[in-house]
Amino acid sequence: MRSRGLKWLASPKLAGGLIAALIVLNLLNVVLPQRTYQSAQVMAEFARRYPQIASATSLLGLDRVFSGWPILVVSVLLLASVLACTIRRLARHRSASKRPASPRAFRRTETPSSTQSGQVDMLEWAGSTLQARGWSVESTQNELAAWRGGSGFWGSMLLHVSLVVLIIGGAASVFTSFSGTLALTEGQTVIDDESAYETVDRMPQYGAPFTGATLGLDRMEFRYERGEIVSGVARMQAGLSGAIPKQVDVRVNYPLQIAGKSYLLRDTGYAATIVVESSGTVPVPSTVALARKTPYGWADQIESGALSGSSTDSATIEMTATPVPVPAGQVLPPEKYLIQDPRLEVAVRRGGRIVWQGVLAPGQKAILPDGGGVAFLGLSLWNIYLVRSDPARWIIYLGFWMSIVGALWRFAIPERRFVLRRGVAGWEYAESARPWGAHGPGSAATTLQLDEETL
Amino acid sequence: MSAIEIGSFWATCALYAVGTVFAFTAVASGRDVWALRALVLASAGLVTQSVTIIGRWISVRHFPYIGTYENVLVGSWAIVALFIVLAWRWRGLGMGGVLVLPVCLLTLGYGLTQAAARSAVTPAYQSGWLIVHVTFAWITYSAYTSVAALAIAQLWRDRAQRTGREVPAWLPTSSRIDDLSMRLVAFGFLNNGVMIASGSIWAYRLWGAFWRWDPVETWSLLTWLAYGLYMHARLTLGWRGRRLAWVALAALFGVMMAFWGVQLLPNASFHIFQNIGDINSGGRMGQ
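Chains as they are written, first to last, in the numbering used here: chain D, 1 to 455; chain B, 1 to 287.
Same shape as in the complex, but just chain B (with noise of 0.2 Å):
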C-alpha cells in the first residue's frame, strides 16, 4: 500500500469511528445535532476512504476489484455513499448511522487483514461478467444496508411512541420510512437478481457450472429471496413498522453470511477470492 493509500484508509476509519460514537450519542439523546454530526463525519469519511480507492487504482494500475481488500474498500464506500445520499435527503435517517458505520467499520478491519501486496489482474479476474456481477454487488449490498438503517429508525421510533416518549420532529414518519424501504427492497432485489445472474454465467465460463450450491451462491441467493419475502410481507400480509423492520434485520443477516461469513470458514467457497488468480486453481475443486 502507498502511503497516501494508508493515510487516507486510517483517516476514513478514524472518522467512520468517531461518526459511529455520535450516531449513538444521537439515539441515546434524541438529539438531532448529534446525528447531523455523525453524517458530517461520514461524509468527510466518505471523501478520504475515495482517496483509498483511487491510490489503490493508481498503484495497482486497475480499478480495485480484485481480492478480498479491495472488494470490502469498494463495497463499503457503495454502502455509506447511498446510506449518506439518503440521510442527507431525510435528515431524520441519520441514526441508521448506527448499524451502517460500525459495520463499514468492521468490514474495512477485515479487509485489512486480508490485504495482498498489489496484483496483477490474472486471467481468472479478466471478465466483463465479473466487473458486471461485483458492480451489482455493491449496489445491491449498499441497498440492503441502507434499507437494514432505516429499520434502525423505524424501531427507534417505535420504541420512543411505545415507551411514551417524545418523537422528535425531525424523524419521518412510519409510513414514509417503510415506503422508502420498499424501493430501496425493489431496488436492491433488482439489482440481486442480475447481479446473481451475471455471476451465475461468469461462474459457468471460469468454473464450468452455473450453480454448484456453493455457500457464497447459496446465501445469495437465500438473500435474494428473504427481501421478496420482505416485500410479500409488505403487500400480501400488509406488515409494516417494527414488524417489517425486524424482517429487514434479520435479511441483513443473509447478505453479511453471503459476504462475509463464509469468508471465514477455510475452504467453504469458489468464492474465497484470493484463490481464484492462479490459472492453475481456476476452478479445481477441494484444493
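Isolated chain D (complex conformation) (with noise of 0.2 Å):
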C-alpha cells in the first residue's frame, strides 16, 4: 500500500496534471482580477459590474489563486511528488549493481567472421581501449559491460532536489517577509521604526520588522532626455542602529540595502515650505508634502486652525506646485520634477468661501483680509519608498541556481552504457546514453571504431 502510494506520488502523469492544474489556475489568474496584485478600486469595480460572479469567486478563494487554497494544494502535492521521485530514484541508485544492467535494445550488430582466439583478443583489445578513455569496463568470457559518466545522475538530483529548495524557499517567504512604504522629504532624517511608516502591508511572523536604522534623505537629481527621464538619483544617508550614517546613492533598480531591508525609490513629488502667520502665534516654517499628482501639478491642502481667527470654521490652505510658472490651463512641462523658478498657487477658505487666492513665488506672502498669512518659501521633493524584507528570496535564489547547476550537470555528463558480446551469428555490441542518444562522438562505439575492418 505504502509503495504504491510512493508509486502514485512519483509518476510524471501526476506531475503532468498539476503542470496542468497551474495552467487553470494561471487562466483564472488572468480572467478573474486578484486580490494580489489588483488595488480594491478594481476589485469594487468587478464586483459591482458582476456581483454575482464576484461573490462566486470570493467564496471560492479564486479571487487569490496564487495566494490562497489552490496554490497550496498544488504546491504541496508537488513537493510531495518531486521528494518521492526523488527518494525512490535515490533507493533504485543505492540498491543497483555496480555493473550496470545491459542496454534494453541491441539497436546494432556487426558480425564478421573471426578465430576462437580472435574473441579474446577481441575483449581484451576492446576493454583496454575503454579503460584508456575513462570507462569502466568489466567482462568475462563472452561478454564485456563498460560504463562512464554516472555522476550524471547526481546532476538530476541537485534539479530536483533544486524544486524542493524552492517550494521551501516560498513557503518560507510567507512567515518572514515584511513590506511597507516610507515617506521621506528632501532633509528629513528618520529611523525605521512603525512610527516612520506611511503603510505596513505585510508584518513577519517571524523576525524583527523594524530595524532602527537612520535614514535621511540630502536631496533629488534627475537628468532628462528628450522630456524622458533617464537618471533619478536620491542622495541619502542610511546607516545601522548606533552607528555613523553614510552616504549612498539610490535610484530606481538600485535600492538602498541596510540591516536587512531594501528601499526601493518608487514615487516622487513635492513638497511646498511655507509658514502660516497670525496673531498670537510664533510663524514657524513647514513643510508639506503635496500628496495629489495632477496635470498641473502637485496638490494638496491642510487645515490650519491658526487662521480660523474669530470665526467657529476652521481655515484650509489648498495649494497647488508648479516647477516653472505653468499658465492657466496648462499641463505641466515633461521635465517635470526640475525645479527651477517654482510657483505656489494658494486659495484660503474660510467657512467655504475663499477669502483670498493667487499664485506666489519664492519669498512672497498672501496677506488675508483680516490679518494673518502664508508665506512660500520653496518647493522641495519627497520620496516614497517600497520598503521590502524577504529573507527567504535567497533559498528561492539558491534553489534557482540549483536547478540551472543540476541541468548543465546531467547535461554535460551524459551516463553512458555499452555492450560488447559473442552472438550467435559474430559479435554483436549495444550502447545506451542518457539523455542524450547514442550517437554522438562520445559513444563507445565511435571509440572502439566498431567496423569489418576492425572486427
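Derived by calculation from the structure, the hints in this document are not laboratory data.
Please note that the accuracy of each hint is not assured.
To be verified - Interface residues of chain D toward chain B, partial, derived using beta-carbon atoms under 7 Å:
| # | residue |
| --- | --- |
| 1 | N29 |
| 2 | V230 |
| 3 | D249 |
| 4 | R251 |
| 5 | F411 |
| 6 | A412 |
| 7 | P435 |
Stated by the list, open to error - So the derived list for chain B, only partly shown, Cβ under 10 Å to chain D, looks like this:
| # | residue |
| --- | --- |
| 8 | C13 |
| 9 | P123 |
| 10 | G128 |
| 11 | V132 |
| 12 | W211 |
| 13 | H232 |
| 14 | R234 |
| 15 | G254 |
Cβ coordinates follow ideal geometry from the N, Cα and C atoms, glycine included.
Work from the hints to combine the two standalone chains into their complex.
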C-alpha cells in the first residue's frame, strides 16, 4: 500500500496533472481580478459589474488563486511528488549493482567472421581501449560491459532537489517577509520604526520588523533626455542603529540595502515649505508633502486652526505647486522634477468661502483681509519608498541556481552504457546514453571504431 | 522609425511571407527544392532584419530591448537565426519553416502595432539583470520554437509513413529528429532557468518582489515545467516520434502565451513592457 502510494506520488502523470492544474490556475489568474495585485477599486468595480460572479469567486477563493488554498494544494502535492520521485530514484541507485544492466535494446549488430583466438583478443582489446578513454569495464569470457558518466545522476538529483528548495523558500517567504511604504522629504531624517511608515502591508511572523536604522534624504537629482527621465538619483544618508550614517545613492533598480531591508524608490512628488502667520502664534516654517499629482501640478490641502481667526469654521489652505510658472489651464512640462522657478498657487478658504487666492513665488506672502498670512518659502521633493524585507528570497535564488547547475551537470555528463558480446552469428554490440542518443562522437562504438575491418 | 529601418522591416516581412508560401509548398509537394527556396528567402530575410535592428539601434542610441516592438524585433531575429542554422546543417528540417516563418511574421506584425517613438533608456530599464534576463529569453524562445519546427518535420514524416507515401531521403530519420529535439529542449531548458532566475532578481530590485505570480511569470514557469515534462516523457516513459512531437507543439503554447497572449489583455501583467518606463510607474499595482 505504502509503495503503491509512493509510486503514484512519483509518477510523471501526477506531475503532468499538477502542471495542468497550474495552467488552469493561471487562466483564472488572468481572467478573474486577483486581490494579490489589483487595487481595491478594481475589485470593487468587478463586484459592481458582476456581483454574482464576484461573490462566487470570493467564496471559492478564486480571487486569490496564487495566495490562497489553490496554490497551497498544488504546491504541497508537487513537493510530495518531487520528494517521492527523488527518494525512489535514490533507493534504486543505491541498490543497483555496480555493473549496469545491459542496454534494453541492441540497436546495431556487427557480425564479422572471427577465430576463437580473435574472440579473446577482441575483448581484451576493447576493454583496454575503453579503459584508456575513462570507461569502467567489467568483462567475462564472452561479454564485456562498460559504463561512464555515472556522476551525471547527481546532476539530475540536484535539479529535482532544487524544486524542493524553491517550494520551501516560497513557503518561508510567507512567514518571514515584510512590506511597507515610507516617505522622506529632502532634508528629512527618520529612524526605521513603526512611526516612520506610511503603511505597513505585511508583518513577518518571525523576525523583527523594524531595525532602528537611520535614513535621511539629502536631495533628489534628475536628468532628462527628450522629455524623459534618464536618471533619478536619491542622495541619501543611511546607517545602522547607533552607527554613523554613510552617504549612499539610491535609484530605481538600485535600492538602498541596510539591516536586511531594501528601500526601493517608487514615487516622487513636491513638498511646499510655507509659514502660516497669525496673531498670537509664532510663525514656524513647515514642509507640506503635496500628495495629489494632477496634470497641472502637485496639489493638496491642509487645515489651519491658526488662520481661523474669530470664525468657528477652520481655515483650509489649498495648494498647487509647479516647478516653473505654468499658465492657467496648461499642463506641467515634461521635465516636471526640475524645480527651476517654482510657483505655489494658494487658495485660503474660511467657512467654504475663498478669502484669498493667487500664485506665489518663493519669498512672497499671501496677506489675508483680516490679518494673518501664508508665506511661500520654496519647493522641495519627497520620495515614497517601498520597503521590503524577504530573507527567504536567498533560498529561492539558491533553488534557481541549483536547478541550473543540476541541469548543466546532467546534460554535460551523459550516462553511457556499452555491451559487447559474442552472439550466435558473431560479435554484437549495443550502447545507450542518457539523456542523449548514443550516436555522438563520445559513444563507445565511435571510440572503438567498430567495423568490419577492425573486427 | 528611420527610412532604412522602415524599408528593411517591410523587406523582411515580404521575404518571410514568400518563404512561408514556399515552405507550405514543400510540405504539400514533398519536394526538397521548395524547402531550399524557403530557406534561402528566410536567410535573406534574416539579413534585412539585421539591418532593421542596426537601424533601430542607431536611431534610439541603445541596443533595442525596450518595449514590445524592440523585443519582438530581436526575439524573432533569434528564432529565425537558430532555425536557419539548424536547417542549413540538416537540410530536411527546412520544412519546419511552415511554423517558424509564420510565427515570426505574425510576431513582427504585432510588434509593429505597438511601435512607439524612439525612447531613452528610462531608469526602470537600467539594470544588468534585465539585459541578462532578456537575452536568455530570446535564446530560450528561439530554442523552443526550433523544437516545434522539428516537431512539424517529425509529424510530416510520421504521416507520410502511415499513409504509405514515400518518405523523401532528404528528411532526417525519426530518431535523428528526436535526438536533435532533445538536445534543443535541454538547451532551451537551461536558458529558461537562467531567464527565470535573472528575471526574479531583477523583479525584486525593481518591484520589491521576486515572484508575484504575475501571468507572464507563471506562464514562463509553466513553460519550463512543460519542457521538463517533455524530457521526462522521453527518458522515463520512453515516448518517441509523433507523441513527443505533439508534446513539443503543446509546450510551445506556453511560450506564445508568456510572450504574446498576456500582452493582449489589459492590466494583466507587470510585464506589459510599455508601462514600466516611467519612474513613477515602476512597480505601482492596479494602475
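Evaluation of the provided hints:
Because the smallest distance between the Cβ of N29/D and any Cβ of chain B comes to about 6 Å, under 7 Å, the interface hint for this residue holds. Using the Cβ-Cβ criterion of 7 Å, the hint placing V230/D at the interface with chain B is satisfied: the shortest such distance is roughly 5 Å. Among the interface hints, the one on D249/D is violated; its C-beta lies about 12 Å from the nearest C-beta in chain B, farther than the 7 Å criterion. For R251/D, the interface hint holds, the least distance from its beta-carbon to any beta-carbon of chain B being 6 Å, beneath 7 Å.
Evaluation of the F411/D hint against chain B yields a held restraint, the C-beta minimum of about 5 Å falling below 7 Å. Evaluation of the A412/D hint against chain B yields a violated restraint, the C-beta minimum of about 10 Å exceeding 7 Å. Proximity of P435/D to chain B holds as hinted, the smallest CB-CB distance being about 6 Å (cut-off 7 Å). At a threshold of 10 Å, the smallest CB-CB gap from C13/B to chain D is about 28 Å, leaving the interface hint violated.
Against a cut-off of 10 Å between C-beta atoms, the interface hint on P123/B holds, since the closest Cβ of chain D lies about 4 Å away. Restraint check, G128/B versus chain D: the minimum CB separation of about 9 Å is within 10 Å; hint holds. For V132/B, the interface hint is violated, the least distance from its beta-carbon to any beta-carbon of chain D being 12 Å, above 10 Å. With 10 Å as the threshold, the beta carbon of W211/B comes within range of chain D, its nearest partner Cβ sitting at about 7 Å, so the hint holds.
The interface hint given for H232/B holds, since its Cβ lies 5 Å from the closest Cβ of chain D, which is under the 10 Å cut-off. With its C-beta approaching chain D no nearer than about 8 Å, R234/B sits inside the 10 Å limit, and its interface hint holds. Hint status for G254/B relative to chain D: holds, with the closest Cβ pair at about 8 Å, below 10 Å.
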